[in-house]
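Asker: Put the two chains together into one complex, using the hints given.
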Amino acid sequence: GAVVSQHPSWVICKSGTSVKIECRSLDFQATTMFWYRQFPKQSLMLMATSNEGSKATYEQGVEKDKFLINHASLTLSTLTVTSAHPEDSSFYICSAQRQRLNTGELFFGEGSRLTVL
Amino acid sequence: KQEVTQIPAALSVPEGENLVLNCSFTDSAIYNLQWFRQDPGKGLTSLLLIQSSQREQTSGRLNASLDKSSGRSTLYIAASQPGDSATYLCAVATGGSYIPTFGRGTSLIVHP
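Those protein sequences? They're chains Z and C, same order as listed. For the first sequence, my numbering gives the first residue as 1, with consecutive numbering after it. For the second sequence, my numbering gives the first residue as 1001, with consecutive numbering after it.
For reference, chain C alone in the conformation it holds in the complex (with noise of 0.2 Å):
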């Protein structure tokens, strides 16, 4: 069974800092993996998709890497602003199946 673990589980940290998000999993044989972020009562919103084949991917002030082989990925944040402050899941497709398995998240806060 595939567990995935996100490790810090909260982060403070000033404006203009530069980020670095962990998440683990289990099981290598993954599909896909997804990074999410998730506004205080709100649903998620997808951020990043990197598919097995794939180590990296980016968008704007984001980059996720993926070693499969380690069972690690990362969010990199650059700059990082209070508009960022937020709750970051990471989620894991398993090969053969496209359900995911999510981590508990991150929660960030990045102050003025």
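Only chain Z is shown next, with the shape it has when bound in the complex (with noise of 0.2 Å):
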């Protein structure tokens, strides 16, 4: 099956810093990749879909000024949670799907769990 890594898959910081989370498709082009935050026993919530070269569209609610997406290239897109605080506390997990691959399946990172101090 097709592989999307996930990195960092934890990360701690202090309330203020910035954290960047990077998704890759390891093995196939990804025209679209999606975002997502999951609190504990919920199930996801979409923050955002990016597609390569373009800008990021949010979901309602999602600032876009605070959880900044860029999807460079066909396997990379990064999560970039700005001046972070405590609320920001989350599992953010990405997925992705395949360029020219008319299934819409998704294929999932391993998630990175942030904890703002």
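In case anyone wonders, no lab produced these hints; they're calculated from the structure. All C-beta atoms, glycine included, are put in the ideal place defined by N, C-alpha and C. Mixed in with the good hints there might be a few duds.
Claimed, not checked - The list that follows gives simulated cross-link-like pairs (lysine-lysine, DSS-like), each with its CA atoms no further than 30 Å apart:
id: 1; chain 1: Z; residue 1: K14; chain 2: C; residue 2: K1042
id: 2; chain 1: Z; residue 1: K66; chain 2: Z; residue 2: K41
id: 3; chain 1: Z; residue 1: K66; chain 2: C; residue 2: K1001
id: 4; chain 1: Z; residue 1: K55; chain 2: Z; residue 2: K66
id: 5; chain 1: Z; residue 1: K64; chain 2: Z; residue 2: K14
id: 6; chain 1: Z; residue 1: K20; chain 2: Z; residue 2: K66
id: 7; chain 1: Z; residue 1: K64; chain 2: Z; residue 2: K20
id: 8; chain 1: Z; residue 1: K55; chain 2: Z; residue 2: K20
id: 9; chain 1: Z; residue 1: K41; chain 2: Z; residue 2: K14
id: 10; chain 1: Z; residue 1: K14; chain 2: Z; residue 2: K66
id: 11; chain 1: C; residue 1: K1068; chain 2: C; residue 2: K1001
id: 12; chain 1: Z; residue 1: K20; chain 2: Z; residue 2: K41
id: 13; chain 1: C; residue 1: K1042; chain 2: Z; residue 2: K66
id: 14; chain 1: Z; residue 1: K55; chain 2: C; residue 2: K1068
id: 15; chain 1: Z; residue 1: K64; chain 2: C; residue 2: K1068
id: 16; chain 1: C; residue 1: K1042; chain 2: C; residue 2: K1001
id: 17; chain 1: C; residue 1: K1042; chain 2: Z; residue 2: K55
id: 18; chain 1: Z; residue 1: K41; chain 2: C; residue 2: K1068
id: 19; chain 1: Z; residue 1: K20; chain 2: C; residue 2: K1042
id: 20; chain 1: Z; residue 1: K55; chain 2: Z; residue 2: K14
id: 21; chain 1: C; residue 1: K1042; chain 2: Z; residue 2: K64
id: 22; chain 1: C; residue 1: K1042; chain 2: Z; residue 2: K41
id: 23; chain 1: Z; residue 1: K64; chain 2: Z; residue 2: K41
id: 24; chain 1: Z; residue 1: K41; chain 2: C; residue 2: K1001
Stated by the list, open to error - Interface residues of chain C toward chain Z, partial, derived using beta-carbon atoms under 7 Å:
id: 25; residue: Y1031
id: 26; residue: L1049
id: 27; residue: Y1098
id: 28; residue: F1102
id: 29; residue: R1104
id: 30; residue: G1105
id: 31; residue: P1112
Stated by the list, open to error - Away from chain C, derived, C-beta distances all over 10 Å, residues of chain Z:
id: 32; residue: S15
id: 33; residue: L26
id: 34; residue: E52
id: 35; residue: S54
id: 36; residue: G61
id: 37; residue: D88
id: 38; residue: S89
id: 39; residue: G104
id: 40; residue: F107
Answerer: And the structure:
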């Protein structure tokens, strides 16, 4: 199956700092990548959809200046949590869809646990 | 707006039982439906993908069915094992969009 790598798997930072999370499709080119946030014992909340070479589309209620998303290539998307605060602590997961494969199948990274002190 | 419901929310069974997990959705104009498994603190692993034109998919001990007209999908797990313990999520992509809507999942515990 297709492999999506997410890094770092966990990060602890001080309040006010910025944290970058990377999502890479290792063995396929991803036209579209999605970023999700998951609270304990809750389902996934879609934050934004990113397409290579264009601006991300953010879901309602998600601050685009807070959560910066860049999709610079067909294999890499990054999520930067700017000026992080304790309420940003969460589990962030990315997923990717293969380019030119019209099944719409999603492949997920392993997730990144962010803890803001 | 598509809404996805998974029942039951939690399930605890002895090893060896055959299980049925349910997923229902409100908008039948779907593109595909995908079942995932999530282990605690981990990402999602794709189990089965059913396209709109298909009625079922099978992989090993897993079988997923799709009935668009009634807005339902079931995930059947045969001869359950302790290693099957995880949260199972159903995601539905509505026609015209690849963006899936997730259910809240079914938390499964299979005890020896």
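Asker: Double-check C/G1105 for me: the hint is only fine if its C-beta lies closer than 7 Å to a C-beta in chain Z.
Answerer: holds, 6 Å
Asker: Decide, holds or violated, for the assertion that all CB atoms of chain C are farther than 10 Å from the CB of Z/D88.
Answerer: holds, 18 Å
Asker: Given the hinted pair Z/K20 and Z/K66, is their Cα-Cα distance within 30 Å?
Answerer: With Cα atoms ~12 Å apart, Z/K20 and Z/K66 stay inside 30 Å; holds.
Asker: Does C/Y1098 pass the interface hint, meaning its C-beta sits closer than 7 Å to a C-beta of chain Z?
Answerer: At about 4 Å, which falls below the 7 Å cut-off, the nearest Cβ of chain Z leaves the hint on C/Y1098 intact, so it holds.
Asker: Given the hint that C/K1042 pairs with Z/K64, does the C-alpha gap stay at or below 30 Å?
Answerer: Holds: C/K1042 and Z/K64 sit about 25 Å apart, inside 30 Å.
Asker: Does the closest beta carbon of chain Z sit nearer than 7 Å to the beta carbon of C/R1104?
Answerer: Interface hint status for C/R1104: holds (4 Å vs cutoff 7 Å).
Asker: Could you grab the alpha-carbon distance between C/K1068 and C/K1001 and see if it respects the 30 Å cut-off?
Answerer: Roughly 16 Å separates the two Cα atoms, so the pair holds.
Asker: Determine whether the non-interface label on Z/L26 survives the test: each CB of chain C must be over 10 Å from its CB.
Answerer: Given a closest Cβ separation of 14 Å, the condition holds.
Asker: Taking the closest pair, is the beta carbon of Z/G61 still more than 10 Å from chain C?
Answerer: The claim holds: Z/G61 sits with its nearest Cβ about 14 Å from chain C, beyond 10 Å.
Asker: Restraint: C/Y1031 near chain Z, CB-CB cut 7 Å. Satisfied or not?
Answerer: holds, 6 Å
Asker: Tell me if the straight-line CA distance from C/K1042 to Z/K41 falls inside 30 Å.
Answerer: holds, 12 Å
Asker: So, C/F1102 near chain Z? Judge it on the closest CB pair being under 7 Å.
Answerer: Hint holds; C/F1102 Cβ to chain Z Cβ min 5 Å, cut 7 Å.
The earlier numbered hints that this structure contradicts are 14, 15, 31, 39 and 40.
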